[in-house]
Amino acid sequence: MRPAPDDRLVLVVEDSEVDREAIDRALSRSHPELTLEFLPDGDTVLDRLRDTTRPRPALMFLDLSMPATDGYQVLADVRADPAFADLTIIVLTSSTTSADIDRCYAAGADSYIYKPVNFALFRTVLQGAVDYWNSTEKNS
Amino acid sequence: MDPRSDSWPDRLHTLWRSAFGALSTRQLARELYTGLLSLPGVRAVFGVRVGADGRVQVTRWADATGLQSGPPGLAEEVCGLVSALTSGDPIRHLTLAEVTDLSPGLAERLAAAGLLVVAFDAAERGQGVLGIAVDEPRPEVTTALAQATEVVIAADHRIGEQRVLEDRQALDALLAEASLRMDASLDIADTLRAVLRMVVPALADGAAIHIRQDGGMAPIAAAHVDAQRERLLTEHLAAGRWAGQALVDGADRSGLDDEARPAGLPPEVGLDTMTIGVLRARGRDVGLLTFFHRRGSGRRNSTRLLRDLASRAALAIDNATLYEQRRHDVVSLQQHLLPAVLPEVPGVELAAGYNAADHTMEVGGDFYGVVDQPGGTVIALVGDVCGRGAPAAALTGLARHTLETVLAEGGSPRHALGTLNAKMLRNRISRFLTIATATLGPVEPDGLRLETLAAGHPAPLLVRREGTVHECGCTGRLVGVLADLRLRSAVDLLRPGDLVVLFSDGLIEARDPDGGFFGDSELARTLGELRALPTARLVDALLTGSDRYHVNDDVAVLAIRYLGPPVLDRALPSAEVTDAVTAAVRALNPDLPPPEELLAFLAEHPGEIRATVTGDARWARIDLTDANGDQAWTELVA
Numbered sequence: 000m001r002p003a004p005d006d007r008l009v010l011v012v013e014d015s016e017v018d019r020e021a022i023d024r025a026l027s028r029s030h031p032e033l034t035l036e037f038l039p040d041g042d043t044v045l046d047r048l049r050d051t052t053r054p055r056p057a058l059m060f061l062d063l064s065m066p067a068t069d070g071y072q073v074l075a076d077v078r079a080d081p082a083f084a085d086l087t088i089i090v091l092t093s094s095t096t097s098a099d100i101d102r103c104y105a106a107g108a109d110s111y112i113y114k115p116v117n118f119a120l121f122r123t124v125l126q127g128a129v130d131y132w133n134s135t136e137k138n139s
Numbered sequence: 000m001d002p003r004s005d006s007w008p009d010r011l012h013t014l015w016r017s018a019f020g021a022l023s024t025r026q027l028a029r030e031l032y033t034g035l036l037s038l039p040g041v042r043a044v045f046g047v048r049v050g051a052d053g054r055v056q057v058t059r060w061a062d063a064t065g066l067q068s069g070p071p072g073l074a075e076e077v078c079g080l081v082s083a084l085t086s087g088d089p090i091r092h093l094t095l096a097e098v099t100d101l102s103p104g105l106a107e108r109l110a111a112a113g114l115l116v117v118a119f120d121a122a123e124r125g126q127g128v129l130g131i132a133v134d135e136p137r138p139e140v141t142t143a144l145a146q147a148t149e150v151v152i153a154a155d156h157r158i159g160e161q162r163v164l165e166d167r168q169a170l171d172a173l174l175a176e177a178s179l180r181m182d183a184s185l186d187i188a189d190t191l192r193a194v195l196r197m198v199v200p201a202l203a204d205g206a207a208i209h210i211r212q213d214g215g216m217a218p219i220a221a222a223h224v225d226a227q228r229e230r231l232l233t234e235h236l237a238a239g240r241w242a243g244q245a246l247v248d249g250a251d252r253s254g255l256d257d258e259a260r261p262a263g264l265p266p267e268v269g270l271d272t273m274t275i276g277v278l279r280a281r282g283r284d285v286g287l288l289t290f291f292h293r294r295g296s297g298r299r300n301s302t303r304l305l306r307d308l309a310s311r312a313a314l315a316i317d318n319a320t321l322y323e324q325r326r327h328d329v330v331s332l333q334q335h336l337l338p339a340v341l342p343e344v345p346g347v348e349l350a351a352g353y354n355a356a357d358h359t360m361e362v363g364g365d366f367y368g369v370v371d372q373p374g375g376t377v378i379a380l381v382g383d384v385c386g387r388g389a390p391a392a393a394l395t396g397l398a399r400h401t402l403e404t405v406l407a408e409g410g411s412p413r414h415a416l417g418t419l420n421a422k423m424l425r426n427r428i429s430r431f432l433t434i435a436t437a438t439l440g441p442v443e444p445d446g447l448r449l450e451t452l453a454a455g456h457p458a459p460l461l462v463r464r465e466g467t468v469h470e471c472g473c474t475g476r477l478v479g480v481l482a483d484l485r486l487r488s489a490v491d492l493l494r495p496g497d498l499v500v501l502f503s504d505g506l507i508e509a510r511d512p513d514g515g516f517f518g519d520s521e522l523a524r525t526l527g528e529l530r531a532l533p534t535a536r537l538v539d540a541l542l543t544g545s546d547r548y549h550v551n552d553d554v555a556v557l558a559i560r561y562l563g564p565p566v567l568d569r570a571l572p573s574a575e576v577t578d579a580v581t582a583a584v585r586a587l588n589p590d591l592p593p594p595e596e597l598l599a600f601l602a603e604h605p606g607e608i609r610a611t612v613t614g615d616a617r618w619a620r621i622d623l624t625d626a627n628g629d630q631a632w633t634e635l636v637a
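Keeping their order, the protein sequence lines are chains A and B. Residue 76 in numbering that gives the first Met the number 0 sits at position 77 of the first sequence, with consecutive numbering throughout. Residue 430 in numbering that gives the first Met the number 0 sits at position 431 of the second sequence, with consecutive numbering throughout.
In isolation and in its complexed conformation, chain A is listed as follows (with noise of 0.2 Å):
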């Protein structure tokens, strides 16, 4: 039996150690009660997601660029499966090309969110991400 996602757990997808400090200083901040998982690749996402003895996250942060399992291929994996179609995936990227955007898109991202260098926009990026979709139920 699969448990239900945990609204307040948040599993983030990072390589870069700096990028992984800076969401987990910025959502600690705007949203205390969050629970922060961070996987450092995108080769242990599904093991993690399927792991049943852990609670699910409703959440994801996925970078796009990794190396190994990019965000891309990560994107295609989860959607792939379609246990995982309640899991809201927002995409964090320095791209702001059409053609990354309509990828992302059409590979089933909910956001694609621009991931800026300075840490207090950064912040406010995040946050407001979290806030739509912690107010929005997705797909309604």
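Please note that the accuracy of each hint is not assured.
These stretches of chain B come out as covered by chain A in the derived footprint (C-beta under 8 Å, 3 or more residues) [stated by the list, open to error]:
| hint | stretch |
| --- | --- |
| 1 | 189–199 |
| 2 | 216–227 |
| 3 | 559–567 |
No wet-lab data here; the hints were simulated from the structure. For every residue, glycine included, the Cβ atom is placed at its ideal position computed from N, Cα and C.
Got chain A; can you put chain B on it based on the hints?
Chain B in isolation, oriented as in the chain A frame:
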């Protein structure tokens, strides 16, 4: 917490220190909750934060088993208690029965006879609640709770101020990054799409930009936090199904204040309100920037940023529009300074090309021309006026007009250059120009006579049909400086297949990534290797720096191949070409090899083919061209 000091006064002192260093209440929580839990008779401690919308945002619970953030069920259990408390009231002591009436679930969790509880205002119009489960309300515990509450309020206030400051920094950062993007690119539509990606979701749940195109406002980009709804937003904006459409149509400007207004979008888009900024540049509306928000998003009004961003976007659009207009004007003027077409000269293959400098938006002074004189002599010229812009363009026009008029009336290039030089000196024109000419003709028994002149200009290059390259030996002074040009011409004889290449100095000054000049040795080698190309292709290859040298200045190139009288020049069915060409080649010299490499071209192009064969007894050139302009060529050497 310093393990050596676990008395409440010491813990309180540490708490105050932490309160002024904490970036979030989470960092304070462990010290706060374990400190209160250490007080005598305290069974449990809990805290609640309620947002401005009345929803419980954060709960924490500490008891003998440890501290938990958001323990399951607590948020629902405390609702009754929280609604019964008023911020600022003194600490209340509630019996277990009173707690049970308000929050029965919480009462079960307390495991104590009563509760000390207090409510206080929190940042961003929220409310905080701090409670201690006790069996009896000891005064020192009540005092400690009051003191702890003061710490939390102070920390919350400081953190709130810090966030306001960071929000301002975030806005400034967004504005700076967006401005940088807009300054760095002239692809305004693409840049504005990127700017929308920065705005959403940092400042808005959705955003759209319209810009003026073809007399009306058209949406060029839209963004929504929700990918699925982004598509809907784009569709509804394109169809005009939103409250800003009247503004887009230019009929209503009443929505242009700082207040958020109903967006008028269908509910499926999930965006309820909007603020619109008009992009104005030099008194003209050039577009609209709209921020959309969902109901209850709780975002601060970002009107200041909307206005700032709109003014910067307007400037970027205006700059891009002006740049495009000027670029069009420059290209148009440049085209008028060059001949639209070159004359067709029997027995000669001509092609010219021009590369405009990519670092400037001014008209360049390089030019070329070909004059076909009444007696059959052909004169080609390439010139270069010093400088750029309108004055250079004016002198270019004067030079071309003067030279071509004199030459068309039968004057020699030497006379034409002398006339131009005298005119420039007479009119005290402060600029100078350089020029090279190549005079072709008459045809002599051994070939075509070539006389070249170079007035302060790189001498033309002569590319022999065997592949050797040498500079014509002509010299002379700049035109427009001194009365005597000291022109010394060079005379050569062109055999069929020989090439003459005239060019301006931007070609030889093109550099490769290592800083080497095209003209040092590579130009001659390139010409030797590419000499068999049709002259139009050869010119293109030179203007692209042979794919290695960066030609970033104005450059004019003119290539002339002497072919000699054609032995064959006919349009034929593909099947008849081989025989006709073979016969023509044999007419030149029966020992010339058959042009077998052209058979593949004929097999792939079954329609009508224009076939030309030129040359002499030792060299022949065959050119085949189909109706679509596809070409094949070969050169045969005896």
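Each hint, compared with the structure:
1. Only when three residues or more bring their CB closer than 8 Å to a CB of chain A does the claim for the stretch 189–199 of chain B stand; here the count is 6, and the claim holds.
2. Figure legend: the stretch 216–227 of chain B, annotated as covered by chain A; annotation consistent (4 residues with Cβ-Cβ distances under 8 Å, at least 3 required).
3. Given a C-beta distance limit of less than 8 Å, the hint that chain A covers the stretch 559–567 of chain B is violated, as 0 residues qualify and 3 are needed.
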